[in-house]
Every structure is written in C-alpha cells, then in structure tokens.
Amino acid sequence: MSAELLSPLPIKRTCPYAPPAEHRRLREEQPIAKVQLPNGRIAWAVTRHEHIRAILSDPRFSSNRRDPGFPSLSHEPPPASDLKPLLLEMDPPEHGQARRAVLGEFTVQRTQALGSRIQQIVDQHIDAMLAGPKPVDLVQAFSLPVPSLVICELLGVPYADHEFFQTRSSALVNQKTPAEEIARAVGELMMYLGRLVADKAQNPTDDLLGRQIAKQRESGGVNYEDLVSMAFLLLLAGHETTANMISLSTLVLLQQPDKLAALQRDPSKTLAAVEELLRYFTIAEHALGRVAKEDVELGGVRIAAGEGVLLLANTANRDPAVFGNADELDLERGSRNHLAFGFGPHQCLGQNLARLELQIVIDTLFRRIPGLRPAVPVDELPFKDETTVYGIREFPVTW
Amino acid sequence: MRVLIDESKCCGAGQCVMIAPRVFDQRDDGIVILLDAAPPTELHAAVREAACVCPGAAIALDEGA
Ligand code: HEM
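As they're listed, the protein sequences go chains A and B.
Once you know that position 163 of the first sequence is 403 in our numbering, the rest is easy, because the numbers rise by one and skip nothing.
Once you know that position 3 of the second sequence is 75 in our numbering, the rest is easy, because the numbers rise by one and skip nothing.
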C-alpha cells in the first residue's frame, strides 16, 4: 500500500456529537484501513460493525495492552507497569477464569438491588446543587461524584470514607489535575483499598469485597493484591465513563427539548433512550483495541501477527448496514445491537449498572430541576477531544 | 422455536435477562439459566434480539422447531 493512503489518527472532530467525517469515509471506502498512530506506528482502523464484532469475538486477537503492537491514540507511551494484568488486559483462558470469579457481583438482580441507593445518591447531589450557588459546574457537582459514590456502594466503602474516596477518584480523571497530584491520588487510593480489604478480612461485610474475601477463603486463601487491583479497575472503568455519559446525555437532552419532553411524559421510555444515548456517543471507542496474535484474514485484508487494530466503534455504531438513520439521535430506536460496551468475552462487566445509573439520572435530574440549562454558549464547552474516553471537561449549568 | 444455550460461552453480560426475562435468568454466579426452551410466539422477537446481541454467542435458535 502506498504511503499517501495512510491517514494519521486521531483526527479532530468538527462536531461534538459526531465522529470525524474521515472515519465515515474509511467505513465506506476502506473499512479496514492502515493508519498512522501518534507514536509513529502503523495500525489498522476498523470502522464497520460486522468487522468489529468479528474481531472482538476472535481469540486470535489479544487484549494485552502492554504489547508494543497494541494501538494507542495517545502520544504518551503506555504506563510501564509491574502490576499483574488487569481483567481488561487478560486473554483466555486466564480471562474467563478471572471474569467468572466476579461475574456474580454484576448480575441483573444484584445490580437492580443498588437502585434505591443510587436514587438517594442522585437526590442528595441535586439537593446540594439546589441549595448552592449558581451557575455550577455539573461535572464537579454531579456527574463525577454520583458514579464514584455508586462504586463506593458496590465495593462497600464505609460512609465515613466516601468523601476521601470521591475526591481522590475525581482528581484522577480531572484533566486539570497536575501529574504529581494524580500520582499522589493513585498512591492514596491503592493504600486505602489495601486497608479496606484487610479490614474486611477481619470484619466480613456483605458487599462485593466482603463476599469475594469469603469466597476466596473457602477455596484456599485470600489474594489481597488481586482484590485491590480488581477494586481499582472497577473505579477506573466505571467512574469517568459513567460521568461523561451523564454530562453528554444531559447536554444533548437540553439541546433537544422536544425529545426531553417526550421522555418526561413517559418514563417507561427512558431505558430505550439510555441505550440510544450509549450508541450515539460511544464514548469509549478509543479504549477499544486489540493486537493480532496470529495472521488473520478479514474483510479482504491480511492483518499480520503483532499488528494492532483500532476498533472505531463510534463510527461502526453509525453503520447503515445495522442502523437506519444512524446519525440521528432517535430515543425510541431501542436497539441494543451497538458496540458502546464492546462485544465478545470482555464486554463491559458494569453495563447494567451504568444503564441503571443513567436511567435514574435522566428520570430525576430534569424533573427536580425543571429550568436546568447550560450557563455558557454550548459551542464554548470544553469537550474532551484528546482523551481516551470522550466527554465534557466542564459544564456550567444554571436554572 | 427452540432455544439452546451454551453455558461455557456465557460471559454473564446479562443482556438476555434484560431483554427476555421470561426466557432467560442468571444463576448467582452470573451464568445464564434457560427458563423456557420453547418460548411462545409473542416472545420470539425478544429472544431473537437476545441471541443477536449476546456477546459470547451463547444462545442458539432452532427456528424450525
Ligand atoms: C457508560 C459507562 C461505561 C462504558 C461506556 C463502558 C465501556 C466499556 C467497554 C467498551 C469495555 C470493553 C473494553 C474491551 O473490550 O477492551 C468495558 C469493559 C469493562 N467495564 Fe465498562 N463501561 C462503562 C461503565 C462501567 C461500570 C459502571 C463498571 C463497573 C463498576 C465497568 C466495569 C468494566 C470492567 C470491569 C470491564 C472489563 C471487563 C473484562 O475485561 O472482562 N464499566 N467497559
């Protein structure tokens, strides 16, 4: 292939609600295309729904994010880490075993049992917003603390430590946090989680960590290190993602008041709306990649062992082969056949929790703050263009 | 329609339980349970959707049965 055909990625968006137009061109003309990454390496960009599903289901592709061929759209080298692989980075058979060990914590039933606590957390943050000054940054006042506190609930972080946990975990994902402060927050959180696991081993509690400890005890011994890294992964995977979806969903619904009004008339439609918002934004697409372990023939190209594939799921989630009027936000579409949570054995473990949080937020926020509106012109909002997970950095709102 | 499940492929995402709770459930460890292997016609569309979105391709349908 000649050099001029290589598109350099990432490409800046021109519309905050849509992937770059160049990605659409790739989907139409070169659905598996060689592209140039910021670090100079070459990888394949995959933009069709069927191909991404195939790759995410194919054990010849690895999730090992520390493999030098694993594609990254950031300029920074991957963090050199001597931590054991996280669930997200494992391949079979280790991945299946590790996932099955925690799967029971994420069943639909267990997730739904968190609903009343999530509702309380949401209501408390709205109370605080209503009692405080305006305008206020929705990201700091609402979008970030709510999912962080839900993870506290899931892990069984005692109430007295919620403030500590919430401020440190928000510092981690705040773009404005200086590097040394991030490092300090990571250190403090890891130390805290280590103490929490040790406490729970002494005084067993009925929550994710407590039950994992009990289960591991039955089958031999408790692996503290694994539990701490699992707790940390849940925080990494479930905090900023959900926060960004809260901010983006709030914005787009405020921008399209007729759609919001239809939802408010009939809350039974919220769950379908959440599904569509997940598809429409597909915020985690830059987190979706794989590296080929063997040569693979797919869609007329040969992906060689060691080469990376970037799975541009936002563009694939607008693939006309799967979705009619795909660039439209159609809150009644109700299709779950999207790739916002990935596909295959790594598909998001927290997906039903994320859905429930978004459902409760949408049903509550606009009802309790009827005059809610952006406090700055929307085209001045700082969107997270250069981060792994798409979102809004700061979203001043008033009412 | 006959529904077949392969527990060994199940990744416990829970999508089938959300889509067709009269046909699929989960054990305490998250693995799928088939509640109704021959679901009534009015549930067929939901079961097809569940099979289509199952991330592990753990649900197979025999549409002839
Ligand atoms: C709207 C919010 C969310 C989005 C868009 C999202 C997206 C994703 C995606 C795309 C993956 C697949 C990564 C891959 O295959 O390489 C994933 C995996 C994962 N997510 Fe989420 N996620 C969200 C919320 C959550 C929450 C709330 C939790 C838990 C508290 C969570 C925990 C996980 C875990 C543990 C994995 C790894 C699963 C595995 O490797 O087997 N996520 N997520």
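Just so you know, these hints were derived from the structure itself, not from any lab.
Remember, it's a predicted structure, so these values are computed and weren't measured experimentally.
A couple of the hints might just be wrong.
[Unchecked claim] Beyond 12 Å from chain A on every Cβ pair, some chain B residues (computed):
{"no.": "1", "residue": "D97"}
{"no.": "2", "residue": "I103"}
{"no.": "3", "residue": "P112"}
{"no.": "4", "residue": "E121"}
[Said to hold, decoys possible] Here are a few chain B residues that face chain A, going by a calculated C-beta distance under 8 Å:
{"no.": "5", "residue": "C83"}
{"no.": "6", "residue": "V89"}
{"no.": "7", "residue": "A129"}
The beta-carbon is built from N, C-alpha and C at its ideal position, and this holds for glycine as well.
| request: Verify that the Cβ of I103 of chain B lies farther than 12 Å from every Cβ atom of chain A, and report whether the claim holds or is violated. | output: 7 Å, violated
- Distance rule for E121 of chain B, whose beta carbon must clear each one in chain A by more than 12 Å: 7 Å, violated
*Consistency of the no-contact label for P112 of chain B, given chain A and a CB cut of 12 Å*: Non-interface label on P112 of chain B holds, nearest chain A Cβ at 21 Å vs cutoff 12 Å.
**Q.** Interface exclusion of D97 of chain B relative to chain A, criterion Cβ beyond 12 Å
**A.** 9 Å, violated
Grab the minimum C-beta distance from V89 of chain B to chain A and call the hint holds if it beats 8 Å, violated otherwise.
-> 4 Å, holds
With 8 Å as the cut and Cβ atoms as the points, is A129 of chain B at the interface with chain A?
7 Å, holds
**Report entry** Evaluation of the interface hint that places C83 of chain B against chain A, nearest CB under 8 Å
**Finding:** 5 Å, holds
When held up to the earlier numbered hints, the structure conflicts with 1, 2 and 4 and fits the remainder.
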